[in-house]
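Given the sequences, and given the hints that come with them, work out the whole structure.
Number of protein chains: 2
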Amino acid sequence: MSSSNSSSSKNLKRIAGGVNAARGFLSAAAACGIKRTGPLRSDLCIVASETPASAAGVFTTNLVKAAPVLLSRRHLDSGKARAVLLNSGNANACTGTPGLRAAEQCANAAAVALGIHADEVLVCSTGRIGVQLPLPKMLPGIREAASSLKAAPAAALAAAKSIMTSDSVPKQAAYEVRVGAKSFRIGGMAKGAGMISPNMATMLCVITTDAAVPAAFLRKALREATGRTFNCITVDGDCSTNDTVLTLANGASKVAIRTATEKKAFADALQAVCADLARAIVADGEGTSRVIELTVKGARSEADAHRVGRAIANSQLVKCAWAGSDPNWGRILDAAGYAGAALDPDKVDIAYDGIKAARNGMGCQDAKGEATLRKIAAKKEFSVLVDLHLGKGEARLLTTDLTEEYVRLNLSEFSL
Amino acid sequence: MSSSNSSSSKNLKRIAGGVNAARGFLSAAAACGIKRTGPLRSDLCIVASETPASAAGVFTTNLVKAAPVLLSRRHLDSGKARAVLLNSGNANACTGTPGLRAAEQCANAAAVALGIHADEVLVCSTGRIGVQLPLPKMLPGIREAASSLKAAPAAALAAAKSIMTSDSVPKQAAYEVRVGAKSFRIGGMAKGAGMISPNMATMLCVITTDAAVPAAFLRKALREATGRTFNCITVDGDCSTNDTVLTLANGASKVAIRTATEKKAFADALQAVCADLARAIVADGEGTSRVIELTVKGARSEADAHRVGRAIANSQLVKCAWAGSDPNWGRILDAAGYAGAALDPDKVDIAYDGIKAARNGMGCQDAKGEATLRKIAAKKEFSVLVDLHLGKGEARLLTTDLTEEYVRLNLSEFSL
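Sequence order for the protein chains is A and B. Position 223 of the first sequence, counting from 1, maps to 210 under our numbering, and the rest follow consecutively. Position 78 of the second sequence, counting from 1, maps to 65 under our numbering, and the rest follow consecutively.
Keep in mind that a hint or two might mislead.
One copy or two, either will do: identical chains are not told apart, so a pair holds if it fits within one copy or between any two.
List time: in silico SDA-like cross-link candidates among lysine to any residue, alpha-carbon distance up to 20 Å [to be verified]:
id, residue 1, residue 2
1, K334, P201
2, K241, E381
3, K343, G83
4, K137, P157
5, K0, K241
6, K22, A354
7, K22, E357
Worth flagging that the hints you see were computed from the coordinates, not collected in a lab. Remember, predicted model here, so these are calculated numbers, not experimental data.
Encoded structure:
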């Protein structure tokens, strides 16, 4: 869950432009009034490649899958795509067959407007669950967006803004990547602030690249990158029905990803974009006031490390303590104890920003040391290391505290 | 999770007296100043039988077990006990070997003062994790309590009050139970409001009865009763290090539990006491404003029904929606979808107080119906039924909403 390692690589240079950073990609947003209440704001966008692109996706593991997830998975069977249509304000989830038909109609409308095949269009939706899409409002918006596609960074920013729901900021990332004497670009956008939990992306994300990447390798690289980034974040432990990460590679840079070195460079760059966007989602977690980088090491297996990490990162009591600047290692140890992983409480060490709070399962600080720990827990970002001393399993997660503001924001969904 | 069925039985009569309701049981509380801050309040108590009693216990499944849990389990090997020593203000958890020695010293002090063997004393602690017990304060309190034991209901109430931490009310229950021409009594007390989650009791509870019950059957009956009551409640999904349910049966009523009829009567009564106390804990959940009786039916197995029930009952988003009077069936279906149980979203029905909110995985109410559902979700108590229509697995849980007040109360543990 570290973007710094990858992004500090001398082959990776941060650039602007989000989904339009890569050559041959265009985007545009529109305001359709999809939300039932509130002022009109942009709520739909299209990201399109000027030429056919190989494509891959990773989707929610929730058994309740929204219509756009079902449709995009089907359209990805070919390993190719030209455009992604996204909307906020309505998740088109739990909408049954009518919902699936509505998603198909949206994809068709975009395809007609763009002059491509419907199965070259992928779709993503986010917003309220259980409400049918307002097609009469959306179809004109789709045509409007399709007719105003632009390659400018401003268009990418407008697209990133149009998919925000409870997000407070748009989320973009992009890199220029050197491979030998040549270079390609890769960039993306994401949305997400609530209903964020490990095990698939729990948000929407579109990543574009002008590298030429075979679909099979694109799938593999995307799965690995999301496993190390989006699947290692949690805000509230709730895994959404709509989580989608899509990536399109159109080859406009003329850089082909074939050799092991090229594959490594591409995979690193893809992971860097994913890591940046994943961190942006956690930092924007609904009502949260802290980002915690949680590392569990010394677990009997990597799966055990993830179990312990998730139990801690999703514990209401641990998260409340963090919100109160309480470096409560007892609650952390308690959560580790019910995680379902191998654990010897008498061997567990817990540290905040490298300062031990507990050693061998017991507190190890005097009053002065406790005051230091409280100062760390009062910071906006800090690290927590839990060492089980049982094996070599390790997991890293980014998580948040749990604040009164989170509850306030989620008392009702009518505001989405 | 229904006390009404059992307690409305014509053989069960609600009576007063808590842990002193059964004949031959005495109790007393003391104020030792165990908490490091705040005004002096009673924080320790002893519940004792005048004669040796058979005894059984059920303990937390957390791998991090507090010292009193380890000691009480050991003392229960004999199937006998005479007294229970409980304290609030300090959980004696994550305190290592010194903590275990301290628990032993407390049990010894109680045994000396009561004139019984140390291994006849069970111990329970609740409060802050990771702090050693203040023995110099506690030992005089133990002697004081041991010398002031009384059979009066007021003494039982004082004991129930002394184990409160974040509880806002003491929790007692008791029944007179007719078995043929004879009768016995059974009663108990419990504490718990936070760190409450299924899979062991997540709280402290002492149940006394004057029936004569063989230890083996007592163990079996207690395990079954807690499985159906305390293990079916959740406030925040955090399973504690100290959860303990103890029961002592001293035979003072001269009613022996031997035949199948007698065993059924005893098991029903035990479950009624457990159900009353479990409901009292949920109703007193930290900062909560609603009690929700959640039933999951039609699951492929009972285990699947529990998985779905826990995912829903512990979902932050579902709980926040309830706090906002939002009958958000979409969040419920989302949680069911990631529970790890077999599920066909298109078959799921969700109802509030018998009114269908979703049918076949889709909303089924017009604006008027939605208003009715919102009225139900605004009540202090309501039921939610989730029918998966896949099999015969069923689970019933009592849970709460998640409020800003819960977060406020748990920002720091220094107030416990």
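Structure versus earlier hints, numbers of those that do not hold, lowest first
Numbers 1 and 2, in rising order.
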